[in-house]
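Protein chains: 2
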Amino acid sequence: MSLITVGTMAFDAIETPFGKVDKIVGGSATYVAYAASNFVQPIQQISIIGNDFPKEELDALTSRGVKLEGVEMVPDKKSFFWSGKYHLDMNTRDTLVTDLNVLADFNPIVPDSYQGAEFLMLGNLMPKLQLSVINQLKTKPKLIVMDTMNFWMDVALDDLKEVLKRVDVLLVNDSEARQLSGEFSLVKAARNIMAMGPKFLIIKKGEHGALLFHENHVFVAPALPLEEVFDPTGAGDTFAGGFIGHLAKTKDISFENMKTAIIVGSALASFCVEKFGPERMKEITKADIDSRIAAFVQLVNFEIDLV
Amino acid sequence: MSLITVGTMAFDAIETPFGKVDKIVGGSATYVAYAASNFVQPIQQISIIGNDFPKEELDALTSRGVKLEGVEMVPDKKSFFWSGKYHLDMNTRDTLVTDLNVLADFNPIVPDSYQGAEFLMLGNLMPKLQLSVINQLKTKPKLIVMDTMNFWMDVALDDLKEVLKRVDVLLVNDSEARQLSGEFSLVKAARNIMAMGPKFLIIKKGEHGALLFHENHVFVAPALPLEEVFDPTGAGDTFAGGFIGHLAKTKDISFENMKTAIIVGSALASFCVEKFGPERMKEITKADIDSRIAAFVQLVNFEIDLV
Numbered sequence: 000m001s002l003i004t005v006g007t008m009a010f011d012a013i014e015t016p017f018g019k020v021d022k023i024v025g026g027s028a029t030y031v032a033y034a035a036s037n038f039v040q041p042i043q044q045i046s047i048i049g050n051d052f053p054k055e056e057l058d059a060l061t062s063r064g065v066k067l068e069g070v071e072m073v074p075d076k077k078s079f080f081w082s083g084k085y086h087l088d089m090n091t092r093d094t095l096v097t098d099l100n101v102l103a104d105f106n107p108i109v110p111d112s113y114q115g116a117e118f119l120m121l122g123n124l125m126p127k128l129q130l131s132v133i134n135q136l137k138t139k140p141k142l143i144v145m146d147t148m149n150f151w152m153d154v155a156l157d158d159l160k161e162v163l164k165r166v167d168v169l170l171v172n173d174s175e176a177r178q179l180s181g182e183f184s185l186v187k188a189a190r191n192i193m194a195m196g197p198k199f200l201i202i203k204k205g206e207h208g209a210l211l212f213h214e215n216h217v218f219v220a221p222a223l224p225l226e227e228v229f230d231p232t233g234a235g236d237t238f239a240g241g242f243i244g245h246l247a248k249t250k251d252i253s254f255e256n257m258k259t260a261i262i263v264g265s266a267l268a269s270f271c272v273e274k275f276g277p278e279r280m281k282e283i284t285k286a287d288i289d290s291r292i293a294a295f296v297q298l299v300n301f302e303i304d305l306v
Numbered sequence: 000m001s002l003i004t005v006g007t008m009a010f011d012a013i014e015t016p017f018g019k020v021d022k023i024v025g026g027s028a029t030y031v032a033y034a035a036s037n038f039v040q041p042i043q044q045i046s047i048i049g050n051d052f053p054k055e056e057l058d059a060l061t062s063r064g065v066k067l068e069g070v071e072m073v074p075d076k077k078s079f080f081w082s083g084k085y086h087l088d089m090n091t092r093d094t095l096v097t098d099l100n101v102l103a104d105f106n107p108i109v110p111d112s113y114q115g116a117e118f119l120m121l122g123n124l125m126p127k128l129q130l131s132v133i134n135q136l137k138t139k140p141k142l143i144v145m146d147t148m149n150f151w152m153d154v155a156l157d158d159l160k161e162v163l164k165r166v167d168v169l170l171v172n173d174s175e176a177r178q179l180s181g182e183f184s185l186v187k188a189a190r191n192i193m194a195m196g197p198k199f200l201i202i203k204k205g206e207h208g209a210l211l212f213h214e215n216h217v218f219v220a221p222a223l224p225l226e227e228v229f230d231p232t233g234a235g236d237t238f239a240g241g242f243i244g245h246l247a248k249t250k251d252i253s254f255e256n257m258k259t260a261i262i263v264g265s266a267l268a269s270f271c272v273e274k275f276g277p278e279r280m281k282e283i284t285k286a287d288i289d290s291r292i293a294a295f296v297q298l299v300n301f302e303i304d305l306v
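So the sequence lines, in the order shown, correspond to chains A and B.
The letter at position 298 of the first sequence is residue 297 when you use numbering that gives the first Met the number 0, and the numbering goes up by one with no holes.
The letter at position 14 of the second sequence is residue 13 when you use numbering that gives the first Met the number 0, and the numbering goes up by one with no holes.
Among these hints, one or two may not hold up.
With a Cα cut of at most 35 Å, we get these calculated DSBU-like pairs of lysine-lysine [unchecked claim]:
#, chain 1, residue 1, chain 2, residue 2
1, A, K274, B, K204
2, B, K84, B, K204
3, B, K187, A, K274
4, A, K160, A, K137
5, B, K160, A, K204
6, B, K54, A, K204
In short, the hints are calculated from the structure, not lab data.
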């Protein structure tokens, strides 16, 4: 049940209608690790950080069973930094600053001790680097899940399409699915994208939930209606971490179990947005998660008696 | 299980990215009647038409058990006419023409034969007229369901709020819920709106499904992911008709049964959008409806085993 996670570890500055924070840890691999480590340990992390990444944050990850052998530490540079401001609807945001710093020269190396992993989570990152990790694995994992974003469709579409040929599950949001496929209908978009490689496609729709496509099957998962979304940063990565964490724990990669994994991912993401950055993810317990999952069951549960 | 339906019977001219039609029957009460008559008959219709409303359309309704005693026919005027053009996303549209015609002088009269009805569906109409119908009823119905739209919030908010005090269930879409409540969060909006009168609130989100709120409970219903939405006209009215039709058939107005009614309404609406106007609603059979409802069950069905 070993799980390799690849992505960024970073600092974020975030402004939402509810407040702002100048510097908080973030990055796709950070959120994935916090979410997935609730279900499976060790998490074999691959990322890169600068000399400014706090030891206590690394210790916090280590204490959750996150292995850092694959995390390169660059002594004379700073960590990746992203700054963004959310609009009132919380579904759209402006990127204010992107300082690549250490990320500019990132060349991920899979440590020998990570070889043989059964699950691979490719968090949002340059597609070339995602592909490099796949190519370094001596045994093909049981399941490769890939997250990406519109930015890579704009600047590295060919690379992205190469990765798509090699992954089992792709995660994108609805506008990204439309951009990647050129289709407005999400049903048509899904068919088109699955023809590019992934056997499973998850389309994330934020407050409107998520769709899972596989062959001719589709599953719709709700999002929990929340009083407030405090900070959506990392919600997609957290969803991904919960999704693959559940699959790695259960070692079951069937469509049926992926439905459950999506509910688990949605539950985790619903915590993530309650506080700035990964703060809430550091607090929650197994009991909190189980209770939130039970709320999801209530949310969609109905009886139909066809007479 | 008698059901009174109130609303417009009209002609529409519709343009979508898939085609256009210059004159097709429409109106909120038309769609409600087509949907609800699949579940309960008679439907006691209250509306107004001009001298141009085709006899064959009236006959088609009559043959489905729709009583027209409450439909006023004005010999020297034309029926209400609406013309609209949908944007590519099908969620937004521009109204091109609104010719009130007979609707300008509409003064709905509840026929004596309709008195004692257990269910009342107030389709989208001037709030004053919706209220007038409520006031004419000698016995309070078991359930009053009201549909409305942003237009009445703009031009007749005080009247609308008077009706809200008298109804059990309100149907609006997400932007209307936000407009009516002044709250962006739909959870807060729901609480605010239920304080205005309705014990139940349904927020329709089009392709993203629907939410049902009651006290502290919430239920999320999906929409069926469709290859194409050909023409969304009447989908909301059809949803309303399926919803109240199921409740009137089962005579059960519990929160649990309303969940089922929402799935039924969603299934009906998913047919409505497949062709222009109410055309598809005229074709479907009970077997079609049952099969579509079964698809909804598949769509959201998942197993959770908390271990």
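Quick rundown of the hints versus the structure:
Between A:K274 and B:K204 the CA atoms are separated by roughly 26 Å; this keeps the pair inside 35 Å, and the hint holds. Using a Cα cut-off of 35 Å, the hinted pair B:K84 and B:K204 holds, with the two alpha carbons roughly 19 Å apart. Proximity of B:K187 to A:K274 is assessed by CA-CA distance (about 19 Å); at most 35 Å being required, the pair is judged to hold. Of the supplied pair hints, the one linking A:K160 and A:K137 holds, its CA atoms being roughly 22 Å apart against a limit of 35 Å.
Between B:K160 and A:K204 the CA atoms are separated by roughly 33 Å; this keeps the pair inside 35 Å, and the hint holds. For the hint pairing B:K54 with A:K204, the CA-to-CA distance comes to about 46 Å; that exceeds 35 Å, so the pair is violated.
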